[in-house]
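Listed in order, the protein sequences are those of chains A and V. Just so we're aligned: 134 in numbering that gives the first Met the number 0 is position 135 of the first sequence, and the numbers increase by one with no gaps anywhere. Just so we're aligned: 28 in numbering that gives the first Met the number 0 is position 29 of the second sequence, and the numbers increase by one with no gaps anywhere.
Hint data in this document are derived by calculation from the structure and do not stem from the laboratory. Hints may contain errors.
Because identical chains cannot be distinguished in the list, a pair is counted as satisfied if it fits within a single copy or across any two copies.
Said to hold, decoys possible - In silico PhoX-like pairs for lysine-lysine, Cα to Cα no more than 25 Å straight-line:
no. : residue 1 : residue 2
1   : Lys56     : Lys32
2   : Lys70     : Lys56
3   : Lys117    : Lys32
4   : Lys140    : Lys185
There are 2 protein chains.
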Amino acid sequence: MGISERKEREKQEMRDLILVESTRMFIEEGYEKTSIRNIADRIEYSPATIYLYYKDKDAILYDIHEQGFEKLSEKLSGMAKIQNPYERLLQMGHLYLQFAFENPEYYDLMFIMRAPMKKLNEEKEWSCGFDNYYFLQDVVKECINAGYLKPIDSELASFSIWSFMHGMVSLAIRERFKMYSEEQVKQLMHDSVRMIVGMMAK
Amino acid sequence: MGISERKEREKQEMRDLILVESTRMFIEEGYEKTSIRNIADRIEYSPATIYLYYKDKDAILYDIHEQGFEKLSEKLSGMAKIQNPYERLLQMGHLYLQFAFENPEYYDLMFIMRAPMKKLNEEKEWSCGFDNYYFLQDVVKECINAGYLKPIDSELASFSIWSFMHGMVSLAIRERFKMYSEEQVKQLMHDSVRMIVGMMAK
DNA sequence: TGACTTACTAAACAGTGTTCATTAAATTTA
DNA sequence: TAAATTTAATGAACACTGTTTAGTAAGTCA
Numbered sequence: 000m001g002i003s004e005r006k007e008r009e010k011q012e013m014r015d016l017i018l019v020e021s022t023r024m025f026i027e028e029g030y031e032k033t034s035i036r037n038i039a040d041r042i043e044y045s046p047a048t049i050y051l052y053y054k055d056k057d058a059i060l061y062d063i064h065e066q067g068f069e070k071l072s073e074k075l076s077g078m079a080k081i082q083n084p085y086e087r088l089l090q091m092g093h094l095y096l097q098f099a100f101e102n103p104e105y106y107d108l109m110f111i112m113r114a115p116m117k118k119l120n121e122e123k124e125w126s127c128g129f130d131n132y133y134f135l136q137d138v139v140k141e142c143i144n145a146g147y148l149k150p151i152d153s154e155l156a157s158f159s160i161w162s163f164m165h166g167m168v169s170l171a172i173r174e175r176f177k178m179y180s181e182e183q184v185k186q187l188m189h190d191s192v193r194m195i196v197g198m199m200a201k
Numbered sequence: 000m001g002i003s004e005r006k007e008r009e010k011q012e013m014r015d016l017i018l019v020e021s022t023r024m025f026i027e028e029g030y031e032k033t034s035i036r037n038i039a040d041r042i043e044y045s046p047a048t049i050y051l052y053y054k055d056k057d058a059i060l061y062d063i064h065e066q067g068f069e070k071l072s073e074k075l076s077g078m079a080k081i082q083n084p085y086e087r088l089l090q091m092g093h094l095y096l097q098f099a100f101e102n103p104e105y106y107d108l109m110f111i112m113r114a115p116m117k118k119l120n121e122e123k124e125w126s127c128g129f130d131n132y133y134f135l136q137d138v139v140k141e142c143i144n145a146g147y148l149k150p151i152d153s154e155l156a157s158f159s160i161w162s163f164m165h166g167m168v169s170l171a172i173r174e175r176f177k178m179y180s181e182e183q184v185k186q187l188m189h190d191s192v193r194m195i196v197g198m199m200a201k
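Please work from the sequences and hints to get the whole structure.
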C-alpha cells in the first residue's frame with residue numbers, strides 16, 4: 000500500500016508548507032500581518048484548510064518558536080570549540096546578544112510573547128527552553144569547578160545570568176531604552192556582559 | 000462665563016471615568032477582556048463616544064501605563080528614609096520585585112507591552128520611564144561615591160541592574176520559568192538581587 | 001460503476017478597533 | 001421667546017480577526 004504512505008507524506012508536506020510560509024511572513028512582514036487569512040492567501044488555500052493541519056494559530060506560533068530555538072542552538076554551536084570555559088561563557092553571552100539582534104522576531108516569540116506558551120500549558124513541557132537553560136548551567140558549573148568563577152551556587156548564577164541577558168534584550172526589543180541610541184544600547188549591552196561576568200570571576 | 004468651565008470640567012470627568020473603568024477592567028479582568036466595546040458597556044456609553052475623549056485604544060493604555068509608574072513611585076518612596084545608600088539600593092531592588100508581583104498587569108503594560116509605546120513614537124518622550132531610570136542612577140552614583148560599590152561606571156552599572164531586574168520579572172510574568180515553581184522563582188529572585196548587588200559591592 | 005472516504009472551501013459566527021452620518025440636546029444669537 | 005448654531009452622543013457600517021460547520025468535489029476502494 001503505497002497510497003497511504005503518499006498521503007501521509009503529502010500531509011506532512013502541507014504542514015511544512017504552512018509552517019514555512021507562516022515563518023516567512025512572521026519574520027519578513029511582522030506579527031501584525033501574519034493572520035490566518037494572510038497565510039491562507041500566501042499558500043493559495045482557504046483559511047479553513049489551515050485548521051486541518053494545525054489546531055489553532057497558537058500551534059503554528061509554537062512550531063515557529065521551536066524553529067527559533069534551533070536557530071539559537073546553531074548560533075551557540077559556534078562556541079563549543081572554545082576550550083577555556085570562562086571564555087566560552089563570555090562568548091555565549093555575546094552570541095546570545097547577536098542572535099537577538101539578528102532575529103528580534105524569533106526572540107520575541109521565544110521569550111516574550113504569550114501565544115506560543117499557551118499550547119504547552121495543557122500538553123507538554125517547554126523542553127526547548129529547558130535545554131538551553133541547562134546548557135548554560137553546565138557551562139557555569141564548569142567555570143566554577145575550574146576555578147574561573149567564584150564558588151557561588153551555579154543554579155543561582157545561571158538564573159541571574161539568563162535573567163540579566165534577557166532583560167537587556169527584551170528592554171531593547173520592546174523599545175524601553177529610549178534614553179539611548181541603538182548604537183549606545185549595543186555598546187552598553189556588550190560592555191555589560193563583560194562587567195557582570197567579570198564580577199563573577201575570581 | 001461659567002458654562003465653558005463647567006463643560007471643561009465635565010469633559011475631564013468623562014475622561015477620568017473612561018480611564019478609571021478601563022484601568023479597573025485591565026487589572027481585574029485582564030487585557031483580553033478590555034475591549035473598547037466592553038469599556039463602553041461598563042460606562043454605559045456607546046463605543047464611539049470613547050473616541051471623543053481618547054484618540055485610540057493605545058492612548059488609553061498609555062494613560063494606564065502612566066498610572067502604573069505613579070504606583071511604582073509610591074512603592075519606591077517607602078525607601079527614601081533609609082540613610083545608607085547601599086541598603087537603599089538593595090531595598091529598591093526588593094521593592095521593585097514586590098511591585099511586579101503585586102501588579103503584574105501594570106508591570107506588563109509599563110515594561111513589556113508594545114501598545115502604550117506607540118503613542119509616544121510621534122509625540123513626546125517616555126518621561127515616566129526616564130524618571131525612574133535616572134532615580135536608579137542617582138542611588139548607584141551615591142553608592143559608588145560613598146565607597147559602598149566598586150568604582151565602576153555608574154551608567155553601565157545602572158543599565159545592568161535595571162536589565163537584570165527586568166529580566167527576572169519579565170521571564171516570570173511571561174511564564175518562561177516553567178522549570179521552577181512560583182515559590183522557587185520568588186526565592187531565586189530575591190537571592191539573586193542580593194548576589195548581584197553584593198558582587199558590585201567593595 | 002457505485003459506495004465510501006478524504007480534502008477542501010464558502011459562508012457564517014462572534015468578536016475586534018475605528019469612522020461617519022445622523023440625531024438630539026444645550027447654548028448662543030437675533 | 002424663537003431661530004440658528006454648536007456640541008455631545010450614537011447606530012450602523014467598514015474592514016479586519018480567529019474559528020466552526022455544512023456542503024461539495026475529487027480520489028480511492030470494492
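Hint-by-hint comparison with the structure:
1. Lys56 / Lys32: both (13 Å within a copy, 19 Å between copies)
2. Lys70 / Lys56: Intra 21 Å, inter 36 Å, cutoff 25 Å: intra-copy only.
3. Lys117 / Lys32: Classified as both; 21 Å inside a copy, 17 Å across copies.
4. Lys140 / Lys185: between (28 Å within a copy, 22 Å between copies)
Of the numbered hints stated above, none is contradicted by the structure.
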